Amino acid sequence: MIDLSNVSKSFTLHNQGGAVIEVISNVSFAVATGECVALTGASGAGKSTLMRMIYGNYLTQAGEIRIGGLDIVRSEPRDIIKLRRDVLGYVSQFLRVVPRVPTLDVVAEPLRALKVPADEAQDRASALLTQLNIPERLWSLSPTTFSGGEQQRVNIARGFAHTYPAMLLDEPTASLDAANREVVLSLIEDAKARGAAIIGIFHDEAARTHVCDREIDVGCFTPGMVA
Amino acid sequence: MTPLLSVQGITKRYGTHIGCADVSFDLYPGEVMGIVGESGSGKSTLLNCMAGHLTPDAGQVVFDTRTDGPHDTITMSEPERRMLGRTDWAFVHQHARDGLRIGVSAGGNVGERLMAVGERNYGDIREKAKDWLGRVEIDASRVDDRPTTFSGGMQQRLQIARNLVTGPRLVFMDEPTGGLDVSVQARLLDLLRGLVRDMGLSAIIVTHDLAVVRLLADRLMVMKTGRVVEAGLTDQVLDDPQHAYSQLLVSSVLQV
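Residue numbers (my numbering), protein chains in the order written: chain A, 1 to 227; chain B, 1 to 256.
Keep in mind that a hint or two might mislead.
Claimed, not checked - Okay, the calculated bits of chain B under chain A, using three or more residues with CB under 8 Å as the criterion:
#1 52–59
#2 168–178
#3 213–221
#4 245–252
As the list claims (entries may be wrong) - Over the 10 Å line for every Cβ pair with chain A, so calculated as not near, a few chain B residues:
#5 GLU31
#6 THR73
#7 THR75
#8 MET76
#9 LEU84
#10 ARG101
#11 SER141
#12 ASP144
#13 GLY152
#14 ARG197
#15 GLY232
#16 LEU233
Treat the hints as calculated values from the structure; they're not laboratory data. All values derive from a computational prediction rather than experimental measurement. Yeah, the Cβ is synthetic: ideal placement off N, Cα and C, and Gly gets one too.
Chain B extracted, bound-state conformation (with noise of 0.2 Å):
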């Protein structure tokens, strides 16, 4: 089988502090990956590396591409890369308020992704982005509503709708439940997962919360200071860490 995503020795410097470094990895299709490690170990510049929203000095990111095969994204033209963010590539930021447009109707933006990709029947996209707020748990009610009258979790909920209704192939999650309080975390994972698994989709997830990663990623890469220290499945990773550090990370979770 091809991987859907294939990583290799990206590295990324900020002058002379190192971003990440030589970081490889396959994804394949359907498999989750989480990517956890303290603030500043370089998961969030690893993420914008493969997303495209950085540039690395180092590296490939093969995509399998659903017309021409494996690409190297970082040296396709600017123009494939947007088409793959907007087709096949979605990305969910921490912050909701990054990944919508926030002086557009909730059906607007999750209509906007729909007209990207070339559907122009008003009525059709309408309808798609009522389909979607449902699936999110939106009422289809406040299709018209601005996302600034929304609560933090709605918005976030209305970011996966945009990101997922063209029917994406891979999601790049940073921190999808940060900032969220834990009621609506859950719900956010049930419908994470659920999508996960009726889609098909692959996800590489950026977290800190090693009870995010359990519950939603198969498997798991540990990261300190810009480099994979340890990786393996979930929950072994988890249950059995063999670095120090991911020793370390996992007996510092406060018990509930």
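Chain A with its partners taken away, still in its complex shape (with noise of 0.2 Å):
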């Protein structure tokens, strides 16, 4: 479902002294339907920057990476967008998102965004924040004045509002409590059985152990820190 090969990122910095940042060199793997990879290394390996290159947030200099067939490297912005509405979903650390507009809205707009009825959008996005704990009374508020946990939960509420195909979860986990954990585990072990092709970045390695089939170190396709 996710395959790169030979994949190379480097940072240009032409305010900075012209500085050119080797990232990434050389990457090459493959995520199958229905399995969950990890990517670990130290901070600073360039786990966060694979992991935007794959979703076509940052550019690739060199390389594939074909998701469902479609090559992002070289792909119209217009596919890409396609892409991410019908097929790649991301659940980033932080929440983003039109100041003013509720949390429900917020969750369902992945939904509304594929022609799905405002309803059915909704009954979907209800039942989201209902498994992940947060309160009825909240979900009419706009989710920007929420704590950092809520947010994070009202993100993974709108990652998994669409049955996506395949995933990007960078650290889904972080700062929730057990229980909110867990059912973000189970959220993930649902997706991984209807198929879905997950690239995932997890600090608590219990977690990681639990969902994920295999690990891929990005430490290995670090070259030295400045070229």
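Hints given; two lone chains; assemble the complex.
Laid out in structure tokens, this is it:
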């Protein structure tokens, strides 16, 4: 489902003396449907960078990243947008929303973008928010004022609203208590069971061993810091 | 799929000074494109060339018309282009007063565009006007009030209602949230996003506010001294800018 071959990435900082920083070189691996793969490595090894490259958020200088057959390294923006709407989900560490929009609508939005009727999308959003222990009295409020853990859970609910065939999870269990952590792990298990290909970053080792089938050490692909 | 708008080699000079130079891109149905750059980078010149307010020195602006398919709007006859401006196109000005008829009631402002496309039944027009005031969150009881009695944010929302009532397929926006305070901006962004999604609109938004394009635009073009220096997915250009100028632009935003 997700297929990387000979992927490399460097940053050129034009306003800081044109410094070139090689971040990742020659990564190749594949994730099959129903499989969950963990990216590991020390802080700064490039785990999040690699994940953002797979999402098309960062440009990839060389190689191929195929998701469901589409090479996102060479795709037009509109194809990547369509891929993100239909196929590829991403739960980032931070929630980024239009201020003033109620939590329920924030969570339902990925489904509304897929033309799911409003009431059906809201039902699914309600179910997820309930499952993630967000009290109903908060659903009509914007999540911008919520606590860190609450925002994280809203972000997860939003990420799991649509049953994406491929998912990227950046520390989905960070800043969660034990009960909510279990809920998130079961959501991941469910996604795997329905055949989603998942790539995750988990600092929580117990969570990692619980849901992941394989680990890939990103440190192996990190060249010396500055070229 | 046929692009809704295909812009090819648009160039506009003011004497020896370059307004914008050799800009080309395709916009597909349902896409929202942002154009950012500092003051004087040519983004408004480009927008006005595309919308038919300025005549470019070179280039084509091909629009996929409902009846005859793709047509170059620059060589189109003036009546044809004006008709397009009343039906399939809409233009939201930065200053609501430039886009409103300030001496006419709110309902009249919305109804006028309907009459321009041939609606004649007063009752129908008034109902549609009220419906649109509701959609942009203006109380229907204000339908007979003049925009001069409205706040800046309400005037801007009225301008949007006036523009969208005829169901356009392409909306040009010039700094639509400029000059509004942040709470009103957020409300307007939420409104615009909903309208774009529910009506399947395509839009081109010129702004210098990177937060606005991040929330509204699928794609982004960065302009500097009349030229496009970088283009791509909005979040990619903002999070991993490649050109020196885009990097400077993104890193210059103050963190709140």
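Each hint, compared with the structure:
1. 52–59: The restraint on the stretch 52–59 of chain B is violated, since only 0 of its residues have a Cβ under 8 Å from chain A and three are required.
2. 168–178: Result for this restraint: violated, n = 0.
3. 213–221: holds (count 4)
4. 245–252: Since three or more residues must qualify, the claim that chain A covers the stretch 245–252 of chain B holds, with 3 doing so at under 8 Å.
5. GLU31: violated (6 Å)
6. THR73: Since the minimum Cβ distance to chain A is about 22 Å, THR73 (chain B) lies beyond 10 Å and the statement holds.
7. THR75: holds (27 Å)
8. MET76: With a cut-off of 10 Å, MET76 (chain B) remains clear of chain A, as the shortest Cβ separation is near 26 Å.
9. LEU84: holds (24 Å)
10. ARG101: Check passes; 30 Å lies beyond 10 Å.
11. SER141: holds (23 Å)
12. ASP144: holds (29 Å)
13. GLY152: holds (18 Å)
14. ARG197: The claim breaks: ARG197 (chain B) does not keep its Cβ more than 10 Å from every Cβ of chain A (closest is about 7 Å).
15. GLY232: The claim breaks: GLY232 (chain B) does not keep its Cβ more than 10 Å from every Cβ of chain A (closest is about 6 Å).
16. LEU233: violated (4 Å)
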